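Asks: Okay, here's what each chain looks like letter by letter:
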Amino acid sequence: MALSRRTGGRSRLTIALLVLTSLSLLTLDFRDSPIVQSARRTAATVFSPLRGAAESVSEPFTNAWHGITGYGGLKDQNDELRRRIDELEGRDVLQEDAAQQLAELLGQQNLEWVGDIPTTAARVLSGSPSNFSHTVDISKGSDDGIAVGMPVVNGAGLVGKVVQVTGSRATVQLITDPDFAVGAKLLPSNVTGTARGRGRGKDLVVDTPLEPDSEDLPTPGTSLTTSGAELSAFPDSIPIGKVRSVRESGGGLAVDLVVRPMADTERLAFVTVLLWEPPA
Amino acid sequence: MTPASRWVVAVRTSVVLVLALTFQLGIAPSLGLFGVQGDLLLLVAIAAGVSAGPDRGAAVGFAAGLAYDLMLQTPFGLSALTYATVAYLVGGLQDSVLRAAWWIPVLTATLASMLGVILYGVFGTVLGEDLVGVALVRTAAVVALLNAMAAPIVMKATEWAIGSGRGARARGVFR
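The listed protein sequences derive, respectively, from chains U and P. Heads up: take any position in the first sequence, counting from 1, add 433, and you land on this note's numbering. Heads up: take any position in the second sequence, counting from 1, add 3, and you land on this note's numbering.
Chain U extracted, bound-state conformation (with noise of 0.2 Å):
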């Protein structure tokens, strides 16, 4: 029975130490201690081979998997014509959106536009690695010049941002990610806002100082792009996505917007990425 007592009161202590050291990790990650980041880049760089070896060795089981689910033979078809609806979508607002600009900035300097801005395209090659964690993994890393923090997009328009990158393969946090936040604008009224992610298969929600009886107040469809405000961590005019709803947020003072995303990130074959650093 002293035993038994002395494992228990051991037991409790180790319990207590682990929680201790748990909640110590955690402020240091709130705090964006560079120890935690650096760990994370050398565990990713290390880990890296060894889930490329993976991912190739079990190509056939997922397959099979993945035909026994339903998924079947009819997943790179469904990729291809999402693609394309996407890439339909994101013209849309794109095109909207360069009317607009073309007929308020004709003739100003230094117009960031997104076409302009070099690119270069890659694989998705793994889904987000837990059910909580709203990023994916892209075939191209610091070897094709992507670096943290240039935005991702794809056709409809964008899909995230690199938030860690190895020489080989880079890490997208998605758009839906609830600490996802872009500055947004709403056309043509360009009245901004943050559009802020909710988790997977969630609508965006942005908050505008918009008052619930404001004129510029957007109906159902209304599109909105990244607002290029200075010092912005986006280029300007990339297609988010169109206003689902709007509700009466602070009190009934200001007004939220719940927003469809363009792109469809449950679903992405390939993406590209735009080799565009933020201003520091």
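Read the hints as simulated data drawn from the structure, not as lab findings. Bear in mind that the values here come from a model prediction, so they are computed numbers and not experimental data. Do not take every clue at face value.
[Said to hold, decoys possible] For the chain U half of the interface with chain P, some residues (derived, Cβ under 10 Å), not all of them: (1) R443; (2) D462; (3) V469; (4) A476; (5) L483.
[Unchecked claim] Pair by pair, the computed Cβ-Cβ distance ranges are: (6) U:R443 / P:V125: 24 to 30 Å; (7) P:W105 / U:A702: 40 to 46 Å; (8) P:T128 / U:D646: 33 to 39 Å.
Glycine is no exception: its CB is placed at the ideal position from the N, C-alpha and C atoms.
Model the placement of chain P on the given structure of chain U, informed by the hints.
Replies: Same frame as chain U, now just chain P:
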């Protein structure tokens, strides 16, 4: 049978963790069900609790969670906190449960997986992640199902790595 030395246990546990992490990162995302994937690292933590009790189980659970946290962009330490807690609870429960039938550890793994996912959601929400909701329960149920399928293999592997503390614990209890 002579118990394995600490170094052997450490090396074997590392091997199991690396294999589980490789599978989790490289293969599990493609083997999901209803858009949800199993959680092998959580399963290793639970298996450690079952095999070796709350003390060593919590330590292995912490290591498994920390390794997973290093590869994710979620709050660093959240998986470690959750997995250590679950392994500790499972280990404590196993001390007072007779395990004559093969299905008891599998059932334990299933229920503990569900608990682990929900606990992760609760801890995450406390930290401002907004994870609690119907989707969390659905995710927990699917993870529990997938983990139950993998439980027999992971239980065996973990027991090989850590050894079973049942004998020692039983002697301690009845002394």
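Asks: For every hint, state whether the structure bears it out.
Replies: Structure-based check of all given hints:
1. The restraint placing U:R443 at the interface with chain P holds, with a minimum CB-CB distance near 6 Å, inside the 10 Å limit.
2. This hint holds: U:D462 has a C-beta 4 Å from the nearest C-beta of chain P, less than the 10 Å allowed.
3. Checking U:V469 against chain P: minimum C-beta separation of about 5 Å stays under 10 Å; hint holds.
4. The interface hint given for U:A476 is met, as the beta carbon of that residue sits about 4 Å from the closest beta carbon of chain P, less than 10 Å.
5. Annotation: interface hint on U:L483 holds; nearest CB of chain P at approximately 5 Å, less than 10 Å.
6. Remark: the range hint 24 to 30 Å for U:R443 to P:V125 is upheld by a beta-carbon distance near 27 Å.
7. The given range of 40 to 46 Å is respected by P:W105 and U:A702, whose C-beta atoms sit roughly 42 Å from each other.
8. A hinted range of 33 to 39 Å for the beta carbons of P:T128 and U:D646 is consistent with their spacing of about 34 Å.
In this structure, none of the earlier numbered hints is contradicted; all agree with it.
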